[in-house]
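Engineer: Residue numbers (the working numbering): 791 to 1257.
Hints may be right or wrong, so weigh each one.
[Said to hold, decoys possible] Beta-carbon label-pair distances, calculated as ranges:
| id | residue 1 | residue 2 | range |
| --- | --- | --- | --- |
| 1 | D941 | N843 | 22 to 30 Å |
| 2 | R893 | Q1083 | 42 to 50 Å |
| 3 | L834 | A934 | 30 to 38 Å |
| 4 | N1205 | R875 | 43 to 51 Å |
| 5 | V1218 | K838 | 47 to 55 Å |
Simulated from the structure, these hints should not be mistaken for lab results.
Treat the numbers as computed from the prediction; the structure is a model and nothing was measured.
Glycine included, every Cβ here is placed at the ideal spot set by N, Cα and C.
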Amino acid sequence: PELKRELQLLQLEFSENQAPSTVIDRLVTLSASVEQEYNSRTILLEGKPVSDNDIYQILYEQQDVAYRKKAWQAFVEKTAGLQDRFLELVRARNEAARAAGARDYFQLRLRMDEVDEGMLMETCGKLLRGTDHAYEMLLEKQRACLAKSFDVGVDEVGPWLFEDPFSRRLVSCADVDMEPLFHGTEAVTLAQRTFDALGMNMGGVLGRSDLLERPGKMAGSFCLDVDRAGDVRILANVRQGKNWTETMLHEMGHAAYLLGIDRHLPWLLRRPAAECMSEAIAMLSADLVYDPQWLHEVVGIAPPRLRLRQKQVLTARRHQLLLSLRFYLLMIDFERKLYADPGQDLAALWWRLAAQYLGVRFPKDLRPSSWPMMGHLVYAPVYFHDYLLGRLVGSQLRALVSTGPGERLSLSFWNKLREEVFSKGALVRWDELLKRVTGKALDASFFLHEIVPPVRAKNNRSTKEAR
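Full structure from sequences and hints, please.
Structural biologist: Encoded structure:
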(Lines of atoms letter the chains of each structure in order from A and count residues from 1; the text may use other names and numbers.)
(Lines give C-alpha, C1' and ligand atoms only; values in the text may rest on other atoms or scores of the structure.)
Protein backbone atom coordinates (compact mmCIF):
# COMPACT_ATOMS: atom_id res chain seq x y z
CA PRO A 1 0.00 0.00 0.00
CA GLU A 2 2.81 2.45 0.79
CA LEU A 3 4.57 1.84 -2.52
CA LYS A 4 1.31 2.11 -4.45
CA ARG A 5 0.54 5.45 -2.80
CA GLU A 6 4.06 6.74 -3.50
CA LEU A 7 3.64 5.91 -7.19
CA GLN A 8 0.25 7.62 -7.32
CA LEU A 9 1.70 10.81 -5.81
CA LEU A 10 4.72 10.75 -8.12
CA GLN A 11 2.50 10.39 -11.15
CA LEU A 12 0.40 13.36 -10.03
CA GLU A 13 3.40 15.51 -9.14
CA PHE A 14 5.26 14.78 -12.37
CA SER A 15 2.21 15.52 -14.53
CA GLU A 16 2.88 19.26 -14.31
CA ASN A 17 6.14 18.88 -16.21
CA GLN A 18 5.10 16.53 -19.02
CA ALA A 19 5.77 19.22 -21.61
CA PRO A 20 8.51 19.95 -24.16
CA SER A 21 11.71 21.19 -22.54
CA THR A 22 11.32 24.58 -24.25
CA VAL A 23 7.96 25.08 -22.54
CA ILE A 24 9.37 24.02 -19.17
CA ASP A 25 12.37 26.34 -19.56
CA ARG A 26 10.10 29.28 -20.35
CA LEU A 27 7.77 28.40 -17.48
CA VAL A 28 10.60 28.22 -14.95
CA THR A 29 12.24 31.45 -16.16
CA LEU A 30 8.96 33.38 -16.21
CA SER A 31 7.85 32.05 -12.84
CA ALA A 32 11.13 32.99 -11.13
CA SER A 33 11.32 36.46 -12.67
CA VAL A 34 7.67 37.42 -12.10
CA GLU A 35 7.77 36.16 -8.51
CA GLN A 36 11.00 38.04 -7.84
CA GLU A 37 9.62 41.25 -9.30
CA TYR A 38 6.34 40.93 -7.43
CA ASN A 39 8.07 40.40 -4.09
CA SER A 40 10.48 43.28 -4.64
CA ARG A 41 7.79 45.80 -5.65
CA THR A 42 7.48 48.76 -3.26
CA ILE A 43 4.25 50.56 -2.50
CA LEU A 44 4.68 54.30 -2.98
CA LEU A 45 2.35 56.52 -0.96
CA GLU A 46 2.77 60.23 -1.66
CA GLY A 47 6.20 59.44 -3.03
CA LYS A 48 7.35 57.53 0.07
CA PRO A 49 7.87 53.74 0.27
CA VAL A 50 5.53 51.91 2.66
CA SER A 51 5.00 48.23 3.47
CA ASP A 52 1.88 46.08 3.21
CA ASN A 53 1.66 46.24 7.01
CA ASP A 54 1.70 50.04 6.82
CA ILE A 55 -1.26 49.98 4.42
CA TYR A 56 -3.21 47.68 6.75
CA GLN A 57 -2.44 49.95 9.69
CA ILE A 58 -3.61 53.02 7.76
CA LEU A 59 -6.85 51.26 6.82
CA TYR A 60 -7.42 50.32 10.47
CA GLU A 61 -6.56 53.66 12.08
CA GLN A 62 -6.76 56.54 9.61
CA GLN A 63 -9.89 58.71 9.67
CA ASP A 64 -8.97 60.93 6.70
CA VAL A 65 -11.02 59.48 3.83
CA ALA A 66 -8.88 61.12 1.13
CA TYR A 67 -5.68 59.72 2.63
CA ARG A 68 -7.22 56.24 3.01
CA LYS A 69 -8.18 56.34 -0.64
CA LYS A 70 -4.62 57.28 -1.64
CA ALA A 71 -3.23 54.43 0.46
CA TRP A 72 -5.67 51.90 -0.97
CA GLN A 73 -5.00 53.05 -4.53
CA ALA A 74 -1.23 52.86 -3.95
CA PHE A 75 -1.69 49.25 -2.85
CA VAL A 76 -3.82 48.38 -5.88
CA GLU A 77 -1.33 49.97 -8.27
CA LYS A 78 1.69 48.28 -6.67
CA THR A 79 1.70 45.77 -9.53
CA ALA A 80 0.99 48.24 -12.34
CA GLY A 81 2.96 47.17 -15.40
CA LEU A 82 3.44 43.61 -14.13
CA GLN A 83 0.17 42.21 -15.47
CA ASP A 84 1.44 41.64 -19.03
CA ARG A 85 4.32 39.46 -17.84
CA PHE A 86 2.02 37.70 -15.42
CA LEU A 87 -0.26 36.82 -18.33
CA GLU A 88 2.75 35.37 -20.17
CA LEU A 89 3.22 33.14 -17.14
CA VAL A 90 -0.47 32.16 -17.19
CA ARG A 91 -0.24 31.17 -20.85
CA ALA A 92 2.94 29.15 -20.21
CA ARG A 93 1.18 27.32 -17.37
CA ASN A 94 -1.74 26.57 -19.67
CA GLU A 95 0.60 25.26 -22.37
CA ALA A 96 2.28 22.90 -19.91
CA ALA A 97 -1.13 21.77 -18.61
CA ARG A 98 -2.41 20.96 -22.10
CA ALA A 99 0.73 18.93 -22.77
CA ALA A 100 -0.25 16.91 -19.68
CA GLY A 101 -3.72 16.28 -21.11
CA ALA A 102 -5.61 18.87 -19.07
CA ARG A 103 -8.01 21.53 -20.36
CA ASP A 104 -5.99 24.28 -18.69
CA TYR A 105 -3.82 24.91 -15.65
CA PHE A 106 -6.81 25.31 -13.33
CA GLN A 107 -7.98 21.79 -14.13
CA LEU A 108 -4.46 20.39 -13.86
CA ARG A 109 -3.89 21.84 -10.39
CA LEU A 110 -7.14 20.37 -9.10
CA ARG A 111 -6.19 17.01 -10.57
CA MET A 112 -2.78 17.18 -8.88
CA ASP A 113 -4.50 18.00 -5.56
CA GLU A 114 -6.91 15.05 -5.99
CA VAL A 115 -9.89 17.41 -6.03
CA ASP A 116 -12.78 16.66 -8.36
CA GLU A 117 -13.66 19.84 -10.26
CA GLY A 118 -17.35 18.97 -10.50
CA MET A 119 -17.56 18.41 -6.74
CA LEU A 120 -15.70 21.66 -6.07
CA MET A 121 -17.91 23.81 -8.29
CA GLU A 122 -21.08 22.18 -6.96
CA THR A 123 -19.87 22.89 -3.41
CA CYS A 124 -19.07 26.50 -4.32
CA GLY A 125 -22.58 26.95 -5.68
CA LYS A 126 -24.12 25.47 -2.55
CA LEU A 127 -22.06 27.74 -0.30
CA LEU A 128 -22.85 30.82 -2.38
CA ARG A 129 -26.58 30.17 -2.31
CA GLY A 130 -26.49 29.19 1.35
CA THR A 131 -24.82 32.43 2.43
CA ASP A 132 -26.31 35.03 0.08
CA HIS A 133 -28.91 36.29 2.54
CA ALA A 134 -26.59 36.27 5.58
CA TYR A 135 -23.89 38.07 3.61
CA GLU A 136 -26.29 40.74 2.33
CA MET A 137 -27.30 41.45 5.93
CA LEU A 138 -23.65 41.61 7.05
CA LEU A 139 -22.67 43.86 4.15
CA GLU A 140 -25.56 46.21 4.85
CA LYS A 141 -24.45 46.41 8.48
CA GLN A 142 -20.82 47.02 7.55
CA ARG A 143 -21.67 49.74 5.04
CA ALA A 144 -23.89 51.50 7.58
CA CYS A 145 -21.11 51.31 10.15
CA LEU A 146 -18.54 52.74 7.71
CA ALA A 147 -20.89 55.46 6.50
CA LYS A 148 -21.42 56.57 10.09
CA SER A 149 -17.74 56.31 11.05
CA PHE A 150 -16.53 58.40 8.10
CA ASP A 151 -19.58 60.67 7.80
CA VAL A 152 -20.38 59.72 4.20
CA GLY A 153 -23.46 58.40 2.47
CA VAL A 154 -23.90 54.63 2.25
CA ASP A 155 -23.55 54.90 -1.55
CA GLU A 156 -20.16 56.60 -1.04
CA VAL A 157 -18.66 53.64 0.83
CA GLY A 158 -15.76 52.58 -1.40
CA PRO A 159 -13.28 49.71 -0.86
CA TRP A 160 -10.78 52.14 0.75
CA LEU A 161 -13.07 52.50 3.78
CA PHE A 162 -12.77 48.79 4.62
CA GLU A 163 -9.86 47.61 6.80
CA ASP A 164 -8.40 45.30 4.18
CA PRO A 165 -7.41 46.25 0.61
CA PHE A 166 -9.40 43.25 -0.66
CA SER A 167 -12.43 43.94 1.60
CA ARG A 168 -12.05 40.50 3.20
CA ARG A 169 -11.68 41.51 6.86
CA LEU A 170 -14.46 42.36 9.25
CA VAL A 171 -15.00 46.07 9.89
CA SER A 172 -14.22 46.93 13.52
CA CYS A 173 -17.63 48.26 14.48
CA ALA A 174 -18.29 48.71 18.17
CA ASP A 175 -20.04 45.35 18.53
CA VAL A 176 -17.30 43.23 16.93
CA ASP A 177 -14.00 45.10 17.45
CA MET A 178 -11.66 42.57 19.09
CA GLU A 179 -8.44 44.55 18.73
CA PRO A 180 -8.64 46.07 22.26
CA LEU A 181 -8.41 42.54 23.71
CA PHE A 182 -4.92 42.22 22.20
CA HIS A 183 -3.42 45.57 23.24
CA GLY A 184 0.03 45.05 24.72
CA THR A 185 0.30 41.41 23.62
CA GLU A 186 3.01 39.79 21.49
CA ALA A 187 1.75 37.58 18.66
CA VAL A 188 4.68 35.14 18.73
CA THR A 189 4.52 34.77 22.53
CA LEU A 190 0.78 34.01 22.46
CA ALA A 191 1.21 31.45 19.67
CA GLN A 192 4.08 29.73 21.46
CA ARG A 193 2.14 29.70 24.73
CA THR A 194 -0.81 28.12 22.90
CA PHE A 195 1.16 25.19 21.55
CA ASP A 196 2.95 24.69 24.85
CA ALA A 197 -0.51 24.21 26.38
CA LEU A 198 -1.29 21.65 23.66
CA GLY A 199 1.89 19.70 24.42
CA MET A 200 3.75 20.80 21.29
CA ASN A 201 7.09 22.53 21.78
CA MET A 202 7.57 25.01 18.91
CA GLY A 203 10.81 26.54 20.18
CA GLY A 204 12.88 24.86 17.46
CA VAL A 205 10.56 26.06 14.71
CA LEU A 206 10.57 29.64 15.97
CA GLY A 207 14.34 29.58 16.40
CA ARG A 208 14.80 28.73 12.71
CA SER A 209 12.13 31.14 11.49
CA ASP A 210 12.27 34.64 9.97
CA LEU A 211 9.50 36.57 11.72
CA LEU A 212 10.25 40.30 11.69
CA GLU A 213 9.80 42.95 9.03
CA ARG A 214 12.72 44.33 7.08
CA PRO A 215 13.09 46.24 3.79
CA GLY A 216 12.90 44.10 0.67
CA LYS A 217 11.45 41.09 2.47
CA MET A 218 8.51 39.22 0.99
CA ALA A 219 5.22 40.42 2.49
CA GLY A 220 2.82 37.99 4.14
CA SER A 221 3.61 34.64 5.73
CA PHE A 222 4.06 30.94 5.04
CA CYS A 223 5.32 27.73 6.66
CA LEU A 224 7.99 25.60 4.98
CA ASP A 225 9.16 22.02 5.58
CA VAL A 226 12.76 22.10 4.34
CA ASP A 227 13.69 18.42 4.53
CA ARG A 228 10.69 16.38 5.78
CA ALA A 229 12.90 15.42 8.69
CA GLY A 230 12.06 18.11 11.23
CA ASP A 231 13.47 21.32 9.73
CA VAL A 232 10.23 23.31 9.69
CA ARG A 233 10.36 27.12 9.46
CA ILE A 234 7.99 30.07 9.26
CA LEU A 235 8.34 33.33 7.35
CA ALA A 236 6.26 36.23 8.66
CA ASN A 237 6.25 40.00 9.15
CA VAL A 238 4.91 40.13 12.68
CA ARG A 239 3.45 43.16 14.42
CA GLN A 240 1.38 43.36 17.59
CA GLY A 241 -2.35 42.80 17.52
CA LYS A 242 -5.08 40.32 16.72
CA ASN A 243 -4.43 39.85 13.00
CA TRP A 244 -0.80 38.82 13.36
CA THR A 245 -1.64 36.66 16.40
CA GLU A 246 -4.18 34.88 14.23
CA THR A 247 -1.61 34.55 11.43
CA MET A 248 1.08 33.11 13.73
CA LEU A 249 -1.38 30.59 15.14
CA HIS A 250 -2.28 29.65 11.56
CA GLU A 251 1.34 29.10 10.50
CA MET A 252 2.17 27.19 13.67
CA GLY A 253 -0.84 24.98 12.99
CA HIS A 254 0.82 24.06 9.69
CA ALA A 255 4.08 23.47 11.55
CA ALA A 256 2.38 21.22 14.12
CA TYR A 257 0.97 19.06 11.32
CA LEU A 258 4.36 18.78 9.60
CA LEU A 259 6.17 17.89 12.82
CA GLY A 260 3.49 15.32 13.71
CA ILE A 261 3.98 13.20 10.57
CA ASP A 262 5.36 9.73 11.32
CA ARG A 263 9.08 9.81 10.47
CA HIS A 264 9.00 6.06 9.75
CA LEU A 265 6.94 6.70 6.62
CA PRO A 266 8.81 6.75 3.29
CA TRP A 267 10.11 10.23 2.46
CA LEU A 268 7.53 10.72 -0.32
CA LEU A 269 4.68 10.19 2.16
CA ARG A 270 6.11 12.50 4.82
CA ARG A 271 3.82 15.39 3.95
CA PRO A 272 0.19 16.28 4.72
CA ALA A 273 -2.52 14.22 3.04
CA ALA A 274 -3.31 17.35 0.99
CA GLU A 275 -2.89 21.09 1.30
CA CYS A 276 -6.55 21.40 2.26
CA MET A 277 -5.97 19.07 5.23
CA SER A 278 -3.05 21.19 6.39
CA GLU A 279 -5.14 24.33 5.93
CA ALA A 280 -7.89 22.76 8.04
CA ILE A 281 -5.49 22.29 10.96
CA ALA A 282 -4.02 25.77 10.51
CA MET A 283 -7.52 27.27 10.52
CA LEU A 284 -8.56 25.33 13.62
CA SER A 285 -5.48 26.78 15.29
CA ALA A 286 -6.09 30.36 14.08
CA ASP A 287 -9.74 30.17 15.19
CA LEU A 288 -8.54 30.06 18.79
CA VAL A 289 -8.43 33.89 18.80
CA TYR A 290 -12.24 33.70 18.89
CA ASP A 291 -12.38 31.05 21.62
CA PRO A 292 -13.37 32.38 25.08
CA GLN A 293 -11.39 29.63 26.83
CA TRP A 294 -8.23 30.56 24.89
CA LEU A 295 -8.75 34.28 25.48
CA HIS A 296 -8.90 33.60 29.21
CA GLU A 297 -6.18 30.97 29.58
CA VAL A 298 -3.63 32.23 27.04
CA VAL A 299 -4.25 35.96 26.61
CA GLY A 300 -5.22 36.41 30.25
CA ILE A 301 -8.56 38.18 29.79
CA ALA A 302 -10.30 38.31 33.17
CA PRO A 303 -13.60 36.35 33.35
CA PRO A 304 -15.78 39.42 34.13
CA ARG A 305 -14.43 41.31 31.10
CA LEU A 306 -14.71 38.20 28.95
CA ARG A 307 -18.34 37.65 29.94
CA LEU A 308 -19.13 41.17 28.76
CA ARG A 309 -17.44 40.51 25.41
CA GLN A 310 -18.32 36.84 24.81
CA LYS A 311 -21.29 37.45 22.52
CA GLN A 312 -19.21 40.04 20.67
CA VAL A 313 -16.37 37.57 20.13
CA LEU A 314 -18.61 34.78 18.85
CA THR A 315 -20.38 37.20 16.49
CA ALA A 316 -17.02 38.44 15.20
CA ARG A 317 -15.95 34.87 14.43
CA ARG A 318 -19.12 34.03 12.55
CA HIS A 319 -18.99 37.22 10.51
CA GLN A 320 -15.29 36.85 9.71
CA LEU A 321 -15.83 33.27 8.54
CA LEU A 322 -18.60 34.50 6.27
CA LEU A 323 -16.38 37.21 4.78
CA SER A 324 -13.48 34.80 4.26
CA LEU A 325 -15.76 32.29 2.53
CA ARG A 326 -17.05 34.86 0.06
CA PHE A 327 -13.50 35.90 -0.76
CA TYR A 328 -12.46 32.26 -1.37
CA LEU A 329 -15.40 31.86 -3.74
CA LEU A 330 -14.38 35.02 -5.59
CA MET A 331 -10.77 33.86 -6.01
CA ILE A 332 -11.73 30.35 -7.16
CA ASP A 333 -14.07 31.78 -9.79
CA PHE A 334 -11.54 34.44 -10.83
CA GLU A 335 -8.72 31.95 -11.42
CA ARG A 336 -11.02 29.49 -13.16
CA LYS A 337 -12.04 32.21 -15.62
CA LEU A 338 -8.49 33.59 -15.85
CA TYR A 339 -7.04 30.29 -17.07
CA ALA A 340 -10.03 29.66 -19.32
CA ASP A 341 -9.41 32.95 -21.16
CA PRO A 342 -6.21 34.86 -20.25
CA GLY A 343 -6.87 37.41 -23.00
CA GLN A 344 -10.01 38.90 -21.46
CA ASP A 345 -10.18 42.22 -19.59
CA LEU A 346 -9.02 41.07 -16.15
CA ALA A 347 -9.83 44.35 -14.42
CA ALA A 348 -13.42 44.13 -15.65
CA LEU A 349 -13.57 40.48 -14.58
CA TRP A 350 -12.17 41.22 -11.12
CA TRP A 351 -14.57 44.07 -10.33
CA ARG A 352 -17.57 42.17 -11.70
CA LEU A 353 -16.78 39.21 -9.44
CA ALA A 354 -15.96 41.51 -6.51
CA ALA A 355 -19.45 43.00 -6.88
CA GLN A 356 -21.04 39.56 -7.19
CA TYR A 357 -19.30 37.89 -4.24
CA LEU A 358 -18.37 40.77 -1.94
CA GLY A 359 -20.68 43.59 -2.95
CA VAL A 360 -17.63 45.82 -3.62
CA ARG A 361 -18.22 48.48 -6.25
CA PHE A 362 -15.72 49.56 -8.90
CA PRO A 363 -14.27 53.01 -8.09
CA LYS A 364 -15.23 55.20 -11.06
CA ASP A 365 -12.08 57.32 -10.90
CA LEU A 366 -9.69 54.34 -10.91
CA ARG A 367 -7.73 53.47 -14.03
CA PRO A 368 -9.62 50.81 -16.03
CA SER A 369 -6.63 48.43 -15.91
CA SER A 370 -6.25 48.55 -12.10
CA TRP A 371 -7.19 45.59 -9.93
CA PRO A 372 -5.67 44.38 -6.65
CA MET A 373 -3.40 41.55 -7.77
CA MET A 374 -2.80 38.95 -5.05
CA GLY A 375 0.59 37.33 -4.52
CA HIS A 376 -1.10 33.91 -4.54
CA LEU A 377 -1.73 34.31 -8.27
CA VAL A 378 2.03 34.51 -8.80
CA TYR A 379 3.64 32.11 -6.32
CA ALA A 380 0.75 29.88 -5.20
CA PRO A 381 -1.53 29.60 -8.25
CA VAL A 382 -4.91 27.85 -8.02
CA TYR A 383 -4.70 27.50 -4.23
CA PHE A 384 -7.90 29.04 -2.89
CA HIS A 385 -9.83 25.79 -3.21
CA ASP A 386 -7.47 24.51 -0.50
CA TYR A 387 -8.55 27.32 1.84
CA LEU A 388 -12.19 26.64 1.04
CA LEU A 389 -11.96 22.88 1.49
CA GLY A 390 -9.79 23.43 4.57
CA ARG A 391 -12.62 25.42 6.13
CA LEU A 392 -15.10 22.65 5.40
CA VAL A 393 -12.77 19.94 6.70
CA GLY A 394 -12.03 21.94 9.86
CA SER A 395 -15.73 22.41 10.63
CA GLN A 396 -16.38 18.71 10.09
CA LEU A 397 -13.49 17.72 12.37
CA ARG A 398 -14.69 20.16 15.02
CA ALA A 399 -18.27 18.84 14.81
CA LEU A 400 -17.57 15.11 14.65
CA VAL A 401 -14.27 14.65 16.48
CA SER A 402 -14.44 17.17 19.34
CA THR A 403 -16.99 16.82 22.12
CA GLY A 404 -17.71 20.47 22.84
CA PRO A 405 -16.67 24.10 22.25
CA GLY A 406 -13.85 23.87 24.79
CA GLU A 407 -12.33 20.96 22.90
CA ARG A 408 -10.61 23.41 20.55
CA LEU A 409 -7.98 24.03 23.22
CA SER A 410 -8.06 20.59 24.83
CA LEU A 411 -5.26 18.08 24.74
CA SER A 412 -7.66 15.24 23.93
CA PHE A 413 -8.89 16.89 20.71
CA TRP A 414 -5.42 17.83 19.48
CA ASN A 415 -3.97 14.45 20.51
CA LYS A 416 -6.66 12.79 18.42
CA LEU A 417 -5.72 15.00 15.45
CA ARG A 418 -2.04 14.10 15.92
CA GLU A 419 -2.82 10.40 16.13
CA GLU A 420 -5.42 10.07 13.37
CA VAL A 421 -4.50 12.90 10.96
CA PHE A 422 -0.95 14.25 11.39
CA SER A 423 0.85 10.94 11.83
CA LYS A 424 -0.66 9.41 8.67
CA GLY A 425 1.12 11.83 6.35
CA ALA A 426 0.04 11.27 2.75
CA LEU A 427 -0.53 7.54 3.16
CA VAL A 428 -4.18 7.87 2.06
CA ARG A 429 -6.09 10.44 -0.01
CA TRP A 430 -7.35 13.45 1.94
CA ASP A 431 -11.04 12.70 1.33
CA GLU A 432 -10.61 9.08 2.38
CA LEU A 433 -8.70 10.16 5.50
CA LEU A 434 -11.49 12.60 6.41
CA LYS A 435 -14.05 9.81 6.06
CA ARG A 436 -11.99 7.48 8.25
CA VAL A 437 -11.55 10.10 10.99
CA THR A 438 -15.08 11.53 11.04
CA GLY A 439 -17.07 8.59 9.67
CA LYS A 440 -18.55 10.82 6.98
CA ALA A 441 -17.64 12.10 3.51
CA LEU A 442 -17.00 15.83 3.09
CA ASP A 443 -20.18 17.73 3.97
CA ALA A 444 -20.41 21.53 3.65
CA SER A 445 -23.43 21.69 5.97
CA PHE A 446 -21.20 21.63 9.07
CA PHE A 447 -19.53 24.87 7.97
CA LEU A 448 -22.81 26.47 6.89
CA HIS A 449 -24.25 25.71 10.31
CA GLU A 450 -21.37 27.62 11.92
CA ILE A 451 -21.80 30.80 9.89
CA VAL A 452 -25.52 30.98 9.06
CA PRO A 453 -27.73 30.94 12.17
CA PRO A 454 -30.78 28.69 11.84
CA VAL A 455 -34.08 30.49 11.22
CA ARG A 456 -36.30 30.18 14.28
CA ALA A 457 -39.99 29.65 13.67
CA LYS A 458 -42.23 32.21 15.40
CA ASN A 459 -45.26 29.96 15.97
CA ASN A 460 -46.54 26.44 15.45
CA ARG A 461 -47.79 27.13 11.96
CA SER A 462 -44.45 28.51 10.75
CA THR A 463 -42.68 25.58 12.45
CA LYS A 464 -44.75 23.13 10.42
CA GLU A 465 -44.09 25.11 7.23
CA ALA A 466 -40.35 25.12 7.91
CA ARG A 467 -40.43 21.36 8.36
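Engineer: Take the hints in turn and mark each one as holding or not.
Structural biologist: Cross-check of the supplied hints:
1. D941 - N843: 22 to 30 Å: At 27 Å between Cβs, range holds.
2. R893 - Q1083: 42 to 50 Å: The hint (42 to 50 Å, Cβ to Cβ) holds, given that R893 and Q1083 are roughly 47 Å apart.
3. L834 - A934: 30 to 38 Å: 33 Å, holds
4. N1205 - R875: 43 to 51 Å: Holds, at about 48 Å.
5. V1218 - K838: 47 to 55 Å: 52 Å, holds
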